[in-house]
Amino acid sequence: MTEDTMDAIPGASAEPAVRSRRDFLRGAAVGLAVPAVASALAACKAEDAGRGAARTAPAAAPASATHADSDHSGGTMAPNPQNPGAAAAAAEEMDRHHEAGIKSFPAATKGKGNQPIQPRLENGVKVYDLTAAVQQWEVAPGQMVEAWAYNGQVPGPQIRVKQGDRVRVNLTNNLPESTAIHFHGVSLVNGMDGVPFITQPPVKPGAKFTYEFVVPNSGSHMYHSHLNSAKQVPSGLLGAFIVEPRGGETRRADVDYVMIINDGPHGYTLNGKGFPATEPIVANRGQKVRVRFMNEGMMIHPMHLHGMPMLVTHKDGYPQPQPWHCDTLNVAPGERWDVMIDCDNPGTWAFHCHILPHAEGPMGMFGMVTALVVK
Amino acid sequence: MTEDTMDAIPGASAEPAVRSRRDFLRGAAVGLAVPAVASALAACKAEDAGRGAARTAPAAAPASATHADSDHSGGTMAPNPQNPGAAAAAAEEMDRHHEAGIKSFPAATKGKGNQPIQPRLENGVKVYDLTAAVQQWEVAPGQMVEAWAYNGQVPGPQIRVKQGDRVRVNLTNNLPESTAIHFHGVSLVNGMDGVPFITQPPVKPGAKFTYEFVVPNSGSHMYHSHLNSAKQVPSGLLGAFIVEPRGGETRRADVDYVMIINDGPHGYTLNGKGFPATEPIVANRGQKVRVRFMNEGMMIHPMHLHGMPMLVTHKDGYPQPQPWHCDTLNVAPGERWDVMIDCDNPGTWAFHCHILPHAEGPMGMFGMVTALVVK
Amino acid sequence: MTEDTMDAIPGASAEPAVRSRRDFLRGAAVGLAVPAVASALAACKAEDAGRGAARTAPAAAPASATHADSDHSGGTMAPNPQNPGAAAAAAEEMDRHHEAGIKSFPAATKGKGNQPIQPRLENGVKVYDLTAAVQQWEVAPGQMVEAWAYNGQVPGPQIRVKQGDRVRVNLTNNLPESTAIHFHGVSLVNGMDGVPFITQPPVKPGAKFTYEFVVPNSGSHMYHSHLNSAKQVPSGLLGAFIVEPRGGETRRADVDYVMIINDGPHGYTLNGKGFPATEPIVANRGQKVRVRFMNEGMMIHPMHLHGMPMLVTHKDGYPQPQPWHCDTLNVAPGERWDVMIDCDNPGTWAFHCHILPHAEGPMGMFGMVTALVVK
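Residue numbers (numbering that gives the first Met the number 0), protein chains in the order written: chain A, 0 to 374; chain B, 0 to 374; chain C, 0 to 374.
Just so you know, the hints here were simulated from the structure itself, not pulled from any lab data.
Values in this document were obtained by computation on a predicted structure and should not be read as measured data.
Please note that the accuracy of each hint is not assured.
Identical copies carry no separate label here, and so any pair may be met within one copy or between two of them.
[Unchecked claim] Straight-line distance between alpha carbons at most 20 Å, and here's what the computed SDA-like set of lysine to any residue pairs gives:
(1) K102 with M362
(2) K111 with A229
(3) K125 with A252
(4) K161 with Q142
(5) K287 with N122
(6) K125 with E91
(7) K102 with P322
(8) K111 with P244
(9) K102 with R119
(10) K161 with V144
(11) K230 with P175
(12) K287 with N150
(13) K111 with Q142
(14) K125 with M307
(15) K102 with Q162
(16) K125 with Q114
(17) K230 with E91
(18) K230 with Q114
(19) K125 with P318
(20) K230 with V254
(21) K230 with A89
(22) K102 with R284
(23) K161 with A89
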């Protein structure tokens with residue numbers, strides 16, 4: 000740990016010291032390396048006293064005698080007289096790794112998946128070209144894996160269409176084996192369902208195949224391989240296929256975020272990246288964020304958001320009869336869940352799978368961790 | 000791959016070619032070996048153009064210039080000029096295995112579980128005789144496993160009674176160890192609950208035990224061993240115990256299908272068989288299918304239906320306050336979920352666990368895969 | 000097996016014999032070693048005939064000819080003439096182990112977690128002192144494990160506050176590594192969220208940290224470590240944080256039971272203990288029991304109650320729009336579910352995870368098993 004770091008992060012000192020919450024937040028903000036998050040936190044701090052008061056204390060809450068040195072809308076740290084100087088070198092080393100991981104968030108890596116793709120319009124048909132090929136993918140800083148990807152992205156390009164649209168998807172297979180695309184959740188005519196030997200022949204290496212259909216049902220859906228799928232899908236042949244209802248979304252979202260969960264040969268990832276290379280969700284206080292969870296992995300992941308509840312509005316693209324709140328949502332492979340978050344609590348909020356070994360190890364957070372930043 | 004196969008399945012050709020969806024469906028139909036499914040697909044094809052039009056295009060949708068060779072309600076395949084002749088022998092070999100598996104569906108195996116059992120009536124009591132014994136079981140073609148089974152079936156005989164019925168179950172234990180039957184989900188009087196040393200003594204090898212009760216609550220329930228259960232249940236000592244409500248089912252189903260999920264020593268199975276020995280669900284267009292999911296395994300399985308949503312009506316036999324739609328339903332061990340499927344989309348639809356390694360490997364589909372065939 | 004045991008438990012005899020349900024229950028009651036459960040069962044038996052009749056038969060239900068030796072509201076056991084003397088020594092040995100486990104329930108062990116903690120009041124603030132330290136923990140009789148615990152308890156002390164309360168938690172870290180407390184599900188101001196390097200510095204070994212806040216939202220929440228959490232949480236740094244709504248609970252419960260599920264290095268546990276050291280839930284007939292399920296483990300556990308349904312009222316502390324019934328509830332890590340049980344069915348009812356290898360092995364029940372005793 001450098002002297003600089005110790006200055007910037009009060010609590011990182013080997014000598015425990017009394018600090019107010021305002022100092023801690025300043026330390027955390029300094030520790031966050033990327034402008035978006037840092038400025039979000041700065042904005043958060045500007046509103047801090049008011050918010051803190053609203054959340055933590057009536058205006059006239061008296062300070063207790065033993066805590067006169069703190070502002071009482073936050074926390075205090077003190078040396079433990081029963082156990083002075085107990086900090087071991089191993090604990091410091093562990094903290095240093097944890098801190099370094101968080102400071103580097105969101106870390107830059109080569110390649111970004113799940114990017115919106117604009118269709119080419121041909122006689123009123125929205126045309127998308129997808130090429131499947133094998134490539135290298137940087138899943139976390141310096142960590143390269145083999146990916147089977149559409150258009151060089153993991154997840155593949157994010158397709159957004161409208162209910163009733165006529166859509167054409169031109170698939171080119173540059174993989175070493177056959178493949179096919181299943182539009183998971185879209186109630187297509189059978190011949191477009193993408194299951195080799197049941198609804199179509201396999202698309203051979205070097206071949207092309209065109210899917211064309213009118214989109215019948217709205218919702219958060221997916222597209223992915225349906226051949227040798229236990230290998231091809233988790234390796235990256237997956238993407239979001241989002242269908243806006245004919246009459247528009249019933250709930251307005253200021254931010255519409257797709258979170259694709261995977262746990263295959265790339266490790267535990269959100270949108271193709273593991274922490275600290277995951278992407279934070281950034282919103283202003285008072286805004287509404289929609290998150291569309293999609294699980295393309297092989298395990299079930301209970302996703303937990305700190306600080307605010309999630310209102311569950313849709314399952315697999317279908318509205319729930321009555322939305323309901325939670326802070327931890329269990330998302331199984333093949334499932335999609337839409338939630339709305341009312342961003343009324345400023346700060347940087349951890350957002351992670353609550354199967355803890357998918358999110359943290361002795362050397363720090365990794366895998367299925369991101370943050371919701373409410374400015 | 001034989002010449003015959005290549006003729007029958009257009010897309011199986013090593014030379015990619017332009018084909019219409021109608022050809023692909025014909026190919027798939029030829030590929031399906033069993034009359035029920037084949038004739039279902041034939042019926043499906045007869046309605047195809049209309050359905051396809053309804054689902055995929057307004058009647059007057061113009062053909063685009065680059066696709067004049069297709070009918071535009073389906074897909075097209077074309078050679079990829081950038082990558083001619085890329086099909087490797089390994090890819091062909093993989094496809095051949097995938098095709099062979101699907102062509103053999105539904106494959107014949109010895110023994111069929113989950114068969115309705117008729118009670119013997121004794122003074123108004125519905126009497127069922129169940130004998131538990133060890134035997135061999137053909138879980139998939141040629142794949143024999145040791146089963147612990149009731150009446151030679153895995154799952155055991157399907158028991159259907161009515162709420163308020165007086166039922167007697169005579170259990171004979173021909174196993175090498177003690178056993179007992181728990182009627183899972185049926186709110187019986189304590190002494191009939193089937194938990195050795197808590198509600199009854201174990202039923203020793205060679206002994207008999209009689210359960211007798213009036214059925215208090217309706218719904219999709221189960222019966223299974225409750226002694227050394229982690230061994231006895233997944234080995235086959237399990238079955239459906241379905242109780243019709245006193246006033247009859249509130250939702251009419253043309254087809255009422257029980258799908259018992261298991262993942263024990265027999266591998267990944269639906270009703271005691273792995274694909275391609277699983278049983279398709281067959282319905283006519285316009286019919287309503289009820290599926291009663293029951294998980295008797297040790298893992299959670301998200302079951303995904305292609306082509307149509309499922310309306311979730313009951314959990315563990317109790318009605319959901321407001322039914323809700325999904326296409327992927329997460330079914331945990333011990334849970335039962337009832338869904339209704341409105342069969343409005345003709346075709347052969349894959350129906351499988353979406354934990355992909357439970358459904359497909361490099362050599363083709365296996366395990367937790369079946370199909371809904373809408374004629 | 001001793002002679003005494005054979006006398007007490009009729010069915011444990013090596014010679015199968017015809018017995019009525021009343022005898023079996025008596026046997027089971029004798030077999031249960033602990034007064035609370037034994038007296039509960041005794042009470043249950045007093046009401047038995049009435050209840051049995053209500054549940055199993057109309058008053059005038061005729062006895063069938065073949066069962067004149069039983070009372071017909073229960074079960075009967077008979078020797079199997081086709082297979083006399085088949086009971087093997089191995090089967091007897093297995094039964095002996097199963098019986099011994101159940102007879103010892105609830106078994107005494109050193110240490111009890113999840114005990115209500117009373118706050119110290121300081122100027123209207125509810126103050127709790129929590130000290131985290133490493134210790135030994137008896138998870139089941141004679142089975143010692145290393146625990147990382149708050150105040151010597153696994154789970155940590157059960158904190159119950161009221162919405163709007165001002166709460167102070169003084170954490171002292173006597174662990175060999177840094178830690179922090181996250182109040183999981185409580186929508187606190189960001190600085191109190193307990194995520195080191197994001198909302199606060201880590202609490203170093205030997206240091207103290209004070210959390211202070213006004214509790215904004217009601218419900219079944221948790222507190223646990225949020226540093227090196229995949230190690231610290233399942234090792235025991237976890238506890239219940241229950242917030243009564245400002246206006247009081249809308250549903251009255253005679254018994255309010257917190258069930259914290261864990262599956263870390265201590266094995267499969269409920270409230271820090273594995274069967275037979277788990278604690279039964281005891282209620283009188285007609286009473287209402289609330290169970291607050293909380294999963295602090297790394298696996299999903301479908302919890303199954305015998306004998307009566309559970310009414311699901313809350314998810315993560317938020318009311319479900321319309322409560323719904325089930326008998327098996329899937330609880331994922333980080334989730335909390337509140338259910339109400341209407342104790343209308345007297346007896347001792349198994350209550351366990353239905354992933355059977357989490358609850359039973361060849362040598363008997365263990366791990367995630369307890370009982371609801373309705374007197």
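Hint-by-hint comparison with the structure:
no.	hint	in the structure
1	K102 with M362	within (14 Å within a copy, 45 Å between copies)
2	K111 with A229	neither (23 Å within a copy, 28 Å between copies)
3	K125 with A252	neither (24 Å within a copy, 39 Å between copies)
4	K161 with Q142	neither (37 Å within a copy, 47 Å between copies)
5	K287 with N122	neither (36 Å within a copy, 38 Å between copies)
6	K125 with E91	neither (56 Å within a copy, 33 Å between copies)
7	K102 with P322	neither (36 Å within a copy, 43 Å between copies)
8	K111 with P244	neither (27 Å within a copy, 44 Å between copies)
9	K102 with R119	neither (41 Å within a copy, 38 Å between copies)
10	K161 with V144	neither (34 Å within a copy, 50 Å between copies)
11	K230 with P175	within (13 Å within a copy, 41 Å between copies)
12	K287 with N150	neither (31 Å within a copy, 41 Å between copies)
13	K111 with Q142	within (14 Å within a copy, 45 Å between copies)
14	K125 with M307	neither (38 Å within a copy, 24 Å between copies)
15	K102 with Q162	neither (42 Å within a copy, 35 Å between copies)
16	K125 with Q114	within (17 Å within a copy, 49 Å between copies)
17	K230 with E91	between (40 Å within a copy, 17 Å between copies)
18	K230 with Q114	neither (23 Å within a copy, 36 Å between copies)
19	K125 with P318	neither (26 Å within a copy, 42 Å between copies)
20	K230 with V254	neither (33 Å within a copy, 35 Å between copies)
21	K230 with A89	between (40 Å within a copy, 15 Å between copies)
22	K102 with R284	neither (23 Å within a copy, 57 Å between copies)
23	K161 with A89	neither (55 Å within a copy, 40 Å between copies)
Checked against the numbered hints given earlier, the structure breaks hints 2, 3, 4, 5, 6, 7, 8, 9, 10, 12, 14, 15, 18, 19, 20, 22, 23 and satisfies all the rest.
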